[in-house]
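Colleague: Sequence:
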Amino acid sequence: DENYRHYSILAIGLECGFANKTTFNRTFKKMTGLTPSEYMAEEKEAMK
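Counting in our numbering, the sequence shown runs from 414 upward without gaps.
No lab work stands behind these hints, which were simulated from the structure alone.
Mixed in with the good hints, there may be bad ones.
Said to hold, decoys possible - Derived lysine-lysine pairs resembling DSBU-like cross-links, with alpha carbons at most 35 Å apart: (1) Lys-457 / Lys-442; (2) Lys-434 / Lys-461; (3) Lys-442 / Lys-461; (4) Lys-434 / Lys-457; (5) Lys-443 / Lys-457; (6) Lys-443 / Lys-461.
Quick caveat: nothing in here was measured; it's all calculated off a predicted structure.
Work out the full structure, taking the sequences as your base and the hints as a guide.
Modeller: Here is the structure:
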């Protein structure tokens with residue numbers, strides 16, 4: 414979402430209720446198969 418592009422991965426995780434980045438990354442990867450960084454890179458590439 415364009416409204417959240419300026420947020421860091423940590424900030425997004427904290428906003429979602431995770432206590433730290435590690436837990437957010439682990440859960441995100443279990444759900445999507447990608448880390449948040451990998452997901453963001455793929456989204457950036459798709460927007461080109």
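Colleague: Next, verify each hint and record whether it holds.
Modeller: Okay, the hints, checked on the actual structure:
1. Lys-457 / Lys-442: With Cα atoms ~18 Å apart, Lys-457 and Lys-442 stay inside 35 Å; holds.
2. Lys-434 / Lys-461: The hint holds at about 28 Å.
3. Lys-442 / Lys-461: holds (24 Å)
4. Lys-434 / Lys-457: This hinted pair holds, its Cα atoms lying about 21 Å apart.
5. Lys-443 / Lys-457: This hinted pair holds, its Cα atoms lying about 21 Å apart.
6. Lys-443 / Lys-461: holds (27 Å)
Of the numbered hints stated above, none is contradicted by the structure.
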